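Enquirer: Top to bottom, those sequences are chains Y and H.
Under the working numbering, the residues of the first sequence are numbered 216 to 521, in order.
Under the working numbering, the residues of the second sequence are numbered 216 to 521, in order.
Please note that a few of the clues may not be correct.
One copy or two, it doesn't matter: identical chains are merged, so the pair holds either way.
Unchecked claim - With a straight-line Cα cutoff of 25 Å, these simulated DMTMM-like cross-link-like pairs (lysine to aspartate or glutamate) come out:
{"id": "1", "residue 1": "507", "residue 2": "447"}
{"id": "2", "residue 1": "325", "residue 2": "461"}
{"id": "3", "residue 1": "325", "residue 2": "453"}
{"id": "4", "residue 1": "507", "residue 2": "283"}
{"id": "5", "residue 1": "251", "residue 2": "283"}
{"id": "6", "residue 1": "507", "residue 2": "453"}
{"id": "7", "residue 1": "507", "residue 2": "520"}
{"id": "8", "residue 1": "251", "residue 2": "336"}
{"id": "9", "residue 1": "325", "residue 2": "506"}
{"id": "10", "residue 1": "325", "residue 2": "473"}
{"id": "11", "residue 1": "251", "residue 2": "453"}
{"id": "12", "residue 1": "507", "residue 2": "407"}
{"id": "13", "residue 1": "325", "residue 2": "518"}
{"id": "14", "residue 1": "251", "residue 2": "324"}
{"id": "15", "residue 1": "251", "residue 2": "432"}
{"id": "16", "residue 1": "251", "residue 2": "358"}
{"id": "17", "residue 1": "325", "residue 2": "267"}
{"id": "18", "residue 1": "507", "residue 2": "345"}
In case anyone wonders, no lab produced these hints; they're calculated from the structure.
If you're wondering where the values come from, they're calculated on a predicted model, not measured in any experiment.
There are 2 protein chains.
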Amino acid sequence: VREQPIRIRLLGTAAGGGLPQWNCACANCDAARRGKIPPRTQSGIAISPGAEHWILINASPDLRAQIEAFPALHPRAASARNSPIRDVLLTNADLDHVLGLFLLRERAEKLRVHCTAAVRDTLRCALQIDAVLAGYCGIEWLELPGTMTPLIFNGMETGLAFRAIPLPGAAPRYATAAFSPSGHSVALEFADAQGGARLLVAPDVAEITPELRSAMEAAETVLFDGTFWSGDELRRVDPAARTASEMGHLPISGGSLEILRGLRARRRIYIHINNTNPILQPGSPGRAEVEKAGIVIGEDGMEFEL
Amino acid sequence: VREQPIRIRLLGTAAGGGLPQWNCACANCDAARRGKIPPRTQSGIAISPGAEHWILINASPDLRAQIEAFPALHPRAASARNSPIRDVLLTNADLDHVLGLFLLRERAEKLRVHCTAAVRDTLRCALQIDAVLAGYCGIEWLELPGTMTPLIFNGMETGLAFRAIPLPGAAPRYATAAFSPSGHSVALEFADAQGGARLLVAPDVAEITPELRSAMEAAETVLFDGTFWSGDELRRVDPAARTASEMGHLPISGGSLEILRGLRARRRIYIHINNTNPILQPGSPGRAEVEKAGIVIGEDGMEFEL
């Protein structure tokens with residue numbers, strides 16, 4: 216019987232590019248550079264089922280800084296090279312969710328990566344990640360289960376169960392020859408071993424399917440796609456940009472806000488927030504609307520227990 | 216005639232993994248985590264020939280943090296998306312020198328990357344970087360010149376000239392099918408337009424060739440490979456590690472120290488310092504020896520003019 220609570224840490228809460236983004240001088244990036252609003256690293260979450268083991272959900276390019284900012288992920292003094300980080304679970308193959316895999320290459324054991332077959336094929340073929348990491352730690356691929364399955368480390372059940380919920384969505388832009396028409400994006404559902412409190416992690420949601428809707432209604436904690444406030448938001452800084460829906464994100468306004476407002480979940484938190492999103496500005500009408508609905512705007516370093 | 220001095224900034228002074236390295240609890244990484252010695256990001260340099268244009272030498276995985284730490288590399292308020300960063304010059308295809316290229320993908324114009332044909336082929340074939348970045352900014356490849364050549368931005372001479380000095384060295388570990396037996400590593404030499412003050416940048420030196428030796432003797436400033444103090448240093452934290460020479464680095468002790476000591480250069484600075492290197496500890500005998508020889512241990516954020 217598990218004694219310890221399941222710990223969850225938001226490592227990074229920004230969408231691709233982070234806040235500020237290196238080449239962006241929009242009002243939000245400017246405010247972050249001037250210290251008016253907190254900076255954000257790119258999307259990632261760490262979960263511990265206890266016993267000082269951690270798994271990562273997505274591996275952002277900011278992973279090195281995210282690990283250093285969180286002592287629970289540091290190596291122990293017992294030996295020179297070690298880490299409490301066990302497996303990595305991926306929700307998609309977007310560069311802001313996978314470039315951090317290259318940063319874990321110095322480990323001694325194979326890197327265990329759980330994802331869909333389509334995501335694995337994208338990483339293998341378009342990034343050649345198997346061949347690149349074979350020169351270092353190597354990868355062991357595990358397919359995400361479709362039904363609740365215990366997470367096992369070294370043959371021992373961890374007290375955490377998980378499953379993937381398939382979502383519609385295209386392969387990332389860099390995957391010019393995607394082999395599968397589907398399987399490019401998932402949400403992840405976690406439960407403690409008692410089948411009680413549930414956590415839903417959904418950083419990239421193009422559309423709320425019936426299966427996702429059910430999981431949102433059953434969850435104690437929902438971490439949800441807060442990329443864009445509105446569909447044409449990115450066009451204001453980059454006229455050539457695609458719309459939110461073309462990029463696979465349901466906007467908050469006229470989209471997820473109403474649905475999250477109606478959930479009974481104890482915690483509803485926006486994650487994967489793009490640097491153009493007006494909810495990042497204190498006092499903005501959008502932020503006021505989100506807060507009035509009882510929804511939390513996730514911040515880097517936020518921690519809670521399941 | 217150029218009016219402004221050539222500015223140089225050490226963006227990052229650590230070898231691959233940085234200081235601390237995510238999975239390392241050695242004395243140096245531990246001291247960096249406890250705030251006893253300054254942390255270091257991975258190897259990279261920025262050079263400005265003036266007019267608020269900058270080029271990068273190598274693109275480390277820490278590039279996003281390195282840009283934010285240096286206001287001269289921030290975008291200007293004039294338009295939402297822009298950057299003073301122009302071209303990138305690579306000294307080799309090591310992951311700690313090239314993963315940052317992926318982080319520049321949001322730019323509107325093609326990313327101009329100067330490197331050898333062997334480095335370009337490694338990045339193209341083993342990392343598929345052309346195909347990946349084609350979905351974003353795309354890459355324009357330029358071959359590094361072997362003789363002093365003016366650096367040109369938008370058809371205008373910048374007042375900076377440069378050339379590559381070939382060095383012995385193997386392709387990186389991830390390049391399982393390297394096509395060329397040579398061309399995997401270079402040092403870069405820069406000069407102002409008057410052909411006067413010279414800067415030599417050599418972060419990965421397996422062996423001091425006669426051509427490199429001449430450039431070291433002619434330079435006003437030498438930025439040199441300080442990866443390892445001794446040949447077997449990495450084995451103390453990782454028994455499976457290769458020696459310094461197997462990894463393409465001349466150690467400081469019994470290697471570069473004597474040669475740097477004898478140079479007439481105004482500045483001799485160690486860069487690309489591995490987290491295991493004892494010179495990182497104040498009061499260590501190695502550090503004392505380096506300092507007594509008048510050689511500077513480079514630090515992140517160090518700036519000077521040519």
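Enquirer: When no copy is specified for residue 507 and residue 345, does a C-alpha distance of 25 Å or less occur within a copy, between copies, both, or neither?
Expert: neither (46 Å within a copy, 46 Å between copies)
Enquirer: Please work out whether the CA atoms of residue 251 and residue 453 approach to 25 Å or closer within one copy, between two copies, in both situations, or in neither?
Expert: This pair counts as within: shortest intra-copy Cα distance 23 Å, inter-copy 44 Å.
Enquirer: Within a copy, between copies, both or neither: which one fits residue 251 and residue 283 at a CA-CA cutoff of 25 Å?
Expert: both (23 Å within a copy, 15 Å between copies)
Enquirer: Treating 25 Å as the Cα threshold, decide for residue 325 and residue 461: within, between, both or neither.
Expert: between (36 Å within a copy, 23 Å between copies)
Enquirer: Since the copies are identical, ignore which copy is meant and state whether residue 251 and residue 324 lie within 25 Å (CA to CA) inside a copy, between copies, both or neither.
Expert: Intra 42 Å, inter 30 Å, cutoff 25 Å: neither.
Enquirer: Is it within, between, both or neither when you check residue 325 against residue 453 at 25 Å Cα-Cα?
Expert: For residue 325 and residue 453, the Cα distance is within 25 Å only across copies (16 Å; inside one copy 40 Å).
Enquirer: I want to check one pair: residue 325 and residue 506. Are their C-alpha atoms no more than 25 Å apart within a copy, between two copies, both, or neither?
Expert: Neither. Shortest intra-copy (43 Å) and inter-copy (41 Å) distances fail the 25 Å Cα cut-off.
Enquirer: Checking an output row: residue 251 and residue 358, CA cutoff 25 Å. Within, between, both or neither?
Expert: For residue 251 and residue 358, neither the intra-copy (42 Å) nor the inter-copy (43 Å) Cα distance is at most 25 Å.
Enquirer: If the cut is 25 Å between Cα atoms, do residue 251 and residue 432 qualify within a copy, between copies, both or neither?
Expert: Cα proximity of residue 251 and residue 432: none, with 36 Å in one copy and 49 Å across.
Enquirer: For the identical chains here, do residue 325 and residue 473 meet the 25 Å Cα criterion within one copy, between copies, both, or neither?
Expert: neither (43 Å within a copy, 41 Å between copies)
Enquirer: Could you place residue 507 and residue 283 in one of the four classes (within, between, both, neither) given a Cα distance threshold of 25 Å?
Expert: neither (34 Å within a copy, 33 Å between copies)
Enquirer: Given a CA cutoff of 25 Å, do residue 325 and residue 267 count as a within-copy pair, a between-copy pair, both, or neither?
Expert: within (19 Å within a copy, 45 Å between copies)
Going through the hint list in order, the structure does not satisfy hints 4, 6, 8, 9, 10, 12, 13, 14, 15, 16 and 18.
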